[in-house]
Amino acid sequence: MVSPLITPFRFAIVEDEVYRGAYPKNRNYRFLKRLKLKTMLSLVPDPPVPELLEFCQNENIKNIHFHVRKVKDNVPLNYNKVVQLIQIIIDPSSLPVFVHCLDGANVTGLVIACLRKLQMWNISSAMGEFLR
Numbered sequence: 001m002v003s004p005l006i007t008p009f010r011f012a013i014v015e016d017e018v019y020r021g022a023y024p025k026n027r028n029y030r031f032l033k034r035l036k037l038k039t040m041l042s043l044v045p046d047p048p049v050p051e052l053l054e055f056c057q058n059e060n061i062k063n064i065h066f067h068v069r070k071v072k073d074n075v076p077l078n079y080n081k082v083v084q085l086i087q088i089i090i091d092p093s094s095l096p097v098f099v100h101c102l103d104g105a106n107v108t109g110l111v112i113a114c115l116r117k118l119q120m121w122n123i124s125s126a127m128g129e130f131l132r
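Here the sequence shown stands for residues 1 to 132, numbered as in the UniProt record's numbering.
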């Protein structure tokens, strides 16, 4: 029996070839495989678990880990990290890309809201992306 396609928690399509969500689990790998990802941005406090790194290696996905403190500790990202992340997201050679943090909301939402501001979205729409 074929396992079901299960999206990561809070999975969403940001735009063509840009996806967001929570930390992927084993049950999400079959779904993520279908996206034919080139890049996965892991915005988490600790390095990705071996299972996720193995999945990325098997699927030729470049996993880029950005050390991000837990949100409750402080503001999770500084300006320089946001600039680096946005540069990767808008680089055609990185696409398709999946951006994730632990819960798929706070850190990921902040990065995508910054992307939306770069795309000249108004602040209320960009904040809506953060709250998604």
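Rather than coming from a laboratory, the hints here were simulated on the basis of the structure. There may be inaccurate statements among the hints.
Straight-line C-alpha distance at most 25 Å; calculated BS3-like pairs for lysine-lysine [unchecked claim]: (1) K70 - K36; (2) K81 - K62; (3) K25 - K62; (4) K36 - K25.
Pairwise CB distance ranges (calculated) [as the list claims (entries may be wrong)]: (5) I123 - M1: 15 to 23 Å; (6) N122 - N78: 22 to 30 Å; (7) N80 - S3: 38 to 46 Å.
What you are looking at is a predicted structure, and each value in this text was computed from that prediction instead of being measured. The C-beta atom is built at its ideal place from N, Cα and C for all residues, glycine as well.
Against the structure, the hints come out as follows:
no. : hint                   : result
1   : K70 - K36              : violated (29 Å)
2   : K81 - K62              : holds (18 Å)
3   : K25 - K62              : holds (17 Å)
4   : K36 - K25              : holds (17 Å)
5   : I123 - M1: 15 to 23 Å  : violated (48 Å)
6   : N122 - N78: 22 to 30 Å : holds (24 Å)
7   : N80 - S3: 38 to 46 Å   : holds (40 Å)
In summary, the structure is inconsistent with hints 1, 5 from the numbered list given earlier, while agreeing with the others.
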